[in-house]
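A.B. asks: One letter stands for each residue in the lines below.
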Amino acid sequence: MISLTVNGKLHQVDVPPEMPLLWAIRETLGLTGTKYGCGMALCGACTVHLNGGPVRACVTPMSAVAGKSVTTIEGLSDKGDHPVQRAWTEVDVPQCGYCQPGQIMSAAALLAAKPSPTDADIDDAMSGNICRCGTYQRIRAAIHRAAALKKGGA
Amino acid sequence: MNALITRRALLRGGLAVGAGLTVGFPVARGARGAALAQTAGVFAPNQWLRIDRDGVVTIVNSVPEMGQGSLTTTSMIIADELDAILDQVRVEQAPANPALYKNPVTGTQSYGGSRGVRDHLAMWRKAAAAAREMLAQAAADEWGVPVESVETEQGAVVHRPSGRRLLYGQLVDRAQQVPVPQNPTLKSPDKFRYIGKPVKRRDTPEKITGRGIYGTDVQVPGMLVASIERCPVFGGKVKSFDATAATRVKGVKHVVQVSNGIAVVADGFWTALQGRRALRVTWDEGPMAQVSSTMITREYEAAAKQPGQVARNDGDAEKVLAAGGRVHEAVYQVPFLEHACMEPMNATAQVMPDACVVWAPTQNPGGTQATAARLTGLPPEKVTVHTTLLGGGFGRRGEQDFIVDAVETSKAVGAPVKVMWTREDDITHGFYRPATYNLFRATLDASGVPAAWFTRMVGPGILIQKGRAQAGTIDAAAVEAVRNMPYDVPNLRIEWTNKDLGIPLGFWRSVGPSQNGFIIESFIDELAHLAGKDPYEYRRALLGKAPRHKAVLELAATRANWGAPLPTGHTRGIAVAFSYGSYVAHVAEVSVARDGAVRTHRLVAAIDAGLAVNPENVKAQMEGGAVYALTAALYGRITIDRGRVQQSNFHDYPMLRINEMPVVEVHILDSGEAPGGLGEPGVPTVAPAVCNAIYAATGRRIRTLPINRDELKRA
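Same order as they appear, the protein sequences are chains L and G. Take 1 as the starting number for the first sequence in our numbering and just add one per residue. Take 155 as the starting number for the second sequence in our numbering and just add one per residue.
The hints are simulated quantities; they were obtained by calculation from the structure and are not laboratory data. Glycine included, each C-beta is placed from N, C-alpha and C at the ideal position. There's no promise every hint is true.
Cβ pair distances, simulated, as ranges [unchecked claim]:
| # | chain 1 | residue 1 | chain 2 | residue 2 | range |
| --- | --- | --- | --- | --- | --- |
| 1 | L | Ala113 | G | Arg402 | 43 to 51 Å |
| 2 | G | Asp688 | L | Lys114 | 39 to 47 Å |
| 3 | L | Ser3 | G | Arg402 | 26 to 34 Å |
| 4 | G | Asp344 | L | Ala113 | 44 to 52 Å |
| 5 | G | Glu307 | L | Gly152 | 32 to 40 Å |
Please build the complete structure, drawing on both the sequences and the hints.
C.D. replies: Right under this line is the structure:
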């Protein structure tokens with residue numbers, strides 16, 4: 001049994017310690033918003049927050065998360081109204097949408113660390129997240145917008 | 155919106171379609187039969203929409219949502235013509251039922267070729283207009299006034315002389331009694347409320363919260379998860395396998411042989427992977443084990459020395475080329491490419507004795523139903539297909555291999571099974587954009603314009619390989635955008651040689667034009683430079699018979715300030731092409747670093763897609779096409795060694811990332827023509843615009859993709 005907190009709720013999960021966090025989240029806990037894309041930390045589709053920082057769940061073993069706190073896309077906000085999510089809506093970012101939970105979790109972590117990210121900050125924080133539909137231009141715009149929304153106290 | 159739940163509810167309640175009300179669209183008898191009973195309290199004049207007594211309008215979208223925005227665009231079109239309030243309509247994905255939901259142009263319930271809007275617009279408008287007229291008639295009957303004296307507005311019918319008003323929901327029961335008009339009057343375009351206006355996507359809420367259900371997210375009670383070990387060599391077969399160690403892995407339930415390999419079926423994906431690693435399989439690799447990329451290139455080169463089949467022959471290019479003038483010759487080569495959808499292939503199936511249910515992220519619901527029917531021996535109507543959201547399609551998800559995986563595995567183990575592919579499975583067992591070899595020869599007249607142009611294309615034909623075109627004919631997909639190239643050349647000969655070494659081929663976003671746009675638009679650029687002319691003006695002068703090409707070319711050049719000074723080291727390149735009903739030009743602004751690294755700073759696109767139903771989505775699709783094309787131009791290459799794909803994941807099959815993203819500007823030219831496609835037309839002109847800019851910067855002509863930065867290094 002490994003205990004961890006996911007989206008504020010304590011869970012005991014009976015999975016092998018070497019199982020990647022991704023599969024415990026998706027298959028054991030049934031939170032399917034976090035996506036599998038590559039299994040090698042190359043695409044960022046599985047990005048979640050571990051104790052507040054972004055990690056790739058596909059290469060993070062359960063043994064490394066015991067006793068820690070995980071936030072997935074489902075736990076980012078109660079009503080889908082985190083500034084990043086609101087900005088994503090305003091800028092009409094998603095296309096197929098499959099990579100977007102990972103993009104949003106990376107962006108939210110960036111803004112938590114850097115409230116006013118520059119384009120270079122965005123490149124650094126977001127270049128681990130692949131989008132095959134090509135929404136990068138809108139992601140950049142939406143991150144700037146989310147920074148403004150956050151500052152506005154909204 | 156929870157598409158899956160609404161579809162399940164639908165199945166329980168029976169789909170109130172058909173009902174004898176077909177609005178003049180052909181509906182096969184078999185499809186109507188059992189569904190003739192109208193559901194009380196639901197006005198469902200045809201298969202595309204229904205309204206309940208609460209006034210809830212439900213639109214049935216037949217085009218799978220793969221990112222192209224079909225959930226939004228379909229809703230816009232139907233809501234507009236119905237005079238419904240877009241924000242309040244519900245959308246659900248159509249079940250597989252080709253009799254009701256086939257594309258009226260292709261005749262199949264399969265979606266590719268950027269056909270969503272252009273093939274369905276007229277039919278959807280007619281279906282919605284018929285419903286609107288029936289609601290108006292119902293209100294007129296209710297009030298005892300002539301139907302000409304009432305009008306519809308935003309979910310209601312009004313009678314202005316008396317100030318009376320009834321909501322659509324209040325008219326449901328009476329509207330059910332009104333005969334379906336066979337030739338309803340369509341709205342005049344000046345009355346459009348949504349069509350032609352920028353509308354935000356309707357599927358964003360579920361896509362930013364993780365609630366959207368993709369194929370990989372499907373969960374069915376009692377479901378097992380499988381991973382399939384496939385022969386690394388195309389076409390190889392299982393000789394024998396030893397599942398002893400695999401079945402010992404805790405959580406592995408079954409190990410079964412299926413058509414595509416050995417399926418390890420477990421209580422979860424990670425467990426299935428552990429079992430798969432423990433599996434021992436001996437393969438009969440078959441004849442493809444002899445095939446490699448170097449061999450394919452050699453075969454292409456040899457074939458290019460022999461005459462091909464004549465795809466187009468205007469004037470006498472051979473005679474003019476042999477007349478002794480200076481002949482300019484070039485060879486262009488493009489590689490095999492894999493689609494790399496963000497969501498790896500997967501499907502879920504539940505095969506039961508008397509029925510089968512498939513949940514799949516498929517571009518081809520009709521084909522999925524047919525595949526499952528064939529594999530189970532069930533009649534198609536016993537196969538239910540739920541089309542989930544697609545994590546990218548790009549042509550890959552029209553194929554049936556992942557459907558076969560799920561249906562066969564479920565059938566073998568007698569339980570619902572989700573078969574999931576790894577990224578490695580996805581890259582190494584794809585259906586690849588063909589690699590081709592293209593020989594060009596041209597000669598210019600005294601004024602510098604092409605007097606003769608010869609292109610000999612060598613490569614495999616997707617349509618022929620798939621049995622959709624006859625062997626020995628010219629594969630239309632292979633020569634598309636070359637055979638119909640727009641430039642005015644008096645002596646033009648296009649040849650094509652089918653050289654198929656057996657690599658599985660597929661339709662890759664923009665298909666033939668994805669590569670043919672590159673070769674044509676690069677070679678015309680070569681001729682412009684050879685003639686000492688400006689590449690934009692040179693093209694323009696040769697587009698006298700292609701006004702829509704010329705118009706987008708001019709728009710892109712104008713918006714990109716063609717000819718105006720740029721920062722030091724920056725250069726421009728231009729290209730134009732027609733594909734999938736739309737005309738697109740790109741101007742790329744590029745710089746090349748000393749180490750050969752190519753940076754695309756800005757892409758200015760002009761598109762004439764006829765009627766742009768959702769201009770915001772036109773822009774999004776053009777942005778997306780740019781990224782897809784740039785990825786291919788800079789990185790895309792699948793190579794084969796001993797019948798095996800050598801790439802496996804994003805480290806050796808890289809994708810463009812946000813730090814490499816140019817600014818993409820999209821300018822829409824409203825030609826007033828019928829709508830064209832959007833998903834694909836943004837691709838073909840990007841690589842040539844970038845490579846033409848590289849030539850302007852470096853004097854190096856890129857004739858082989860992907861761009862080899864080593865060749866662009868400067869000391």
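A.B. asks: The structure should be examined with respect to each hint, and the outcome stated for every one.
C.D. replies: Cross-check of the supplied hints:
1. Ala113(L) with Arg402(G): 43 to 51 Å: For Arg402(G) against Ala113(L), whose Cβ atoms are near 45 Å apart, the range 43 to 51 Å holds.
2. Asp688(G) with Lys114(L): 39 to 47 Å: 45 Å, holds
3. Ser3(L) with Arg402(G): 26 to 34 Å: 28 Å, holds
4. Asp344(G) with Ala113(L): 44 to 52 Å: 51 Å, holds
5. Glu307(G) with Gly152(L): 32 to 40 Å: At 37 Å between Cβs, range holds.
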